[in-house]
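Novice: Sequence:
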Amino acid sequence: MMKWNRRDWYFLCAITLLGAALRLYKLGVVPPGFQFDEAFNAIDAQQVLAGNRPLFLPANAGREVLYTYWQAAIAWLAGDITPYTLRLASALAGILSVAAAYILVRTLFQKESRLLAIFTSLSVALSLWNIHFSHFGIRVIMMPMLLSAALGSYWAAAQSARPMRRIGLYCLSGVLIGLTVWTHPTGRLVPFMLLCFTAWQIGHLPPSHRFSRQHLFAHPLTGLLIAGAAAFLVFLPLGLEFY
Numbered sequence: 015m016m017k018w019n020r021r022d023w024y025f026l027c028a029i030t031l032l033g034a035a036l037r038l039y040k041l042g043v044v045p046p047g048f049q050f051d052e053a054f055n056a057i058d059a060q061q062v063l064a065g066n067r068p069l070f071l072p073a074n075a076g077r078e079v080l081y082t083y084w085q086a087a088i089a090w091l092a093g094d095i096t097p098y099t100l101r102l103a104s105a106l107a108g109i110l111s112v113a114a115a116y117i118l119v120r121t122l123f124q125k126e127s128r129l130l131a132i133f134t135s136l137s138v139a140l141s142l143w144n145i146h147f148s149h150f151g152i153r154v155i156m157m158p159m160l161l162s163a164a165l166g167s168y169w170a171a172a173q174s175a176r177p178m179r180r181i182g183l184y185c186l187s188g189v190l191i192g193l194t195v196w197t198h199p200t201g202r203l204v205p206f207m208l209l210c211f212t213a214w215q216i217g218h219l220p221p222s223h224r225f226s227r228q229h230l231f232a233h234p235l236t237g238l239l240i241a242g243a244a245a246f247l248v249f250l251p252l253g254l255e256f257y
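Under our numbering, the first residue of the sequence shown carries the number 15, and numbering increases by one thereafter.
The set of hints was computed from the structure by calculation and includes no laboratory data.
One thing to keep in mind: the hints can contain errors.
[Unchecked claim] Derived SDA-like pairs: lysine to any residue, alpha-carbon spacing no greater than 20 Å straight-line:
| # | residue 1 | residue 2 |
| --- | --- | --- |
| 1 | LYS125 | SER174 |
| 2 | LYS40 | LEU106 |
| 3 | LYS17 | LEU130 |
| 4 | LYS17 | GLN124 |
| 5 | LYS40 | SER174 |
| 6 | LYS125 | TYR24 |
| 7 | LYS40 | THR30 |
Computed from a predicted model, the values in this text were never measured in an experiment.
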């Protein structure tokens, strides 16, 4: 498993703080004005604070609801709905995506991966795309954070030798995967990514392990089933809404 030391924490904190500075600078005024997509989200967040609890937002061509609840929570903590507090929800998601990128790369590549993690998280921190949508009150900015966390926890589960830790990480990954479907249409593609990854894992197993009951607990299909069950439970209320 990945071994962290103080340098990792120093780099993670420094790069995340850089990302935060770029995302919080003039947050309420850049870009100028208040675009109509942001206005729709503001109305929906206000309705959530007033007691409405939608599972899907049909207005403005239809939108997933998780980002609206995130905006409403930030506005509630701040005490008011303003362009700044609404965009703060995006900025925080963008900041977390910088940290998630570092942790994901360190988890995936483990040994000798610090330089790659620094490069990757710096790329996210300085990314014009990420900075732009961190200043823009719409839902797509949540996907890099959720996807990085979901894939990182899934890989960590696959590499863990401790049964309870493995199950817990697979469940965490499944919950995060389920949340992507509540966030953006691209979340519907994430399960197919895991199916392809599981097929790759099985293809790299020794032939004697592919269909062995003795290695059933550590089998990639077992992890896929655990994560899939958790994701399905998270998705279920939304699925029933459209049934």
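Novice: Confirm or reject each hint.
Specialist: The hints, checked one at a time:
1. LYS125 x SER174: Distance ~15 Å between LYS125 and SER174 Cα, so the pair holds.
2. LYS40 x LEU106: Cα-Cα ~14 Å, so holds.
3. LYS17 x LEU130: holds (15 Å)
4. LYS17 x GLN124: holds (8 Å)
5. LYS40 x SER174: violated (43 Å)
6. LYS125 x TYR24: Holds, at roughly 18 Å.
7. LYS40 x THR30: OK: LYS40 and THR30 at ~18 Å, within 20 Å.
When held up to the earlier numbered hints, the structure conflicts with hint 5 and nothing else.
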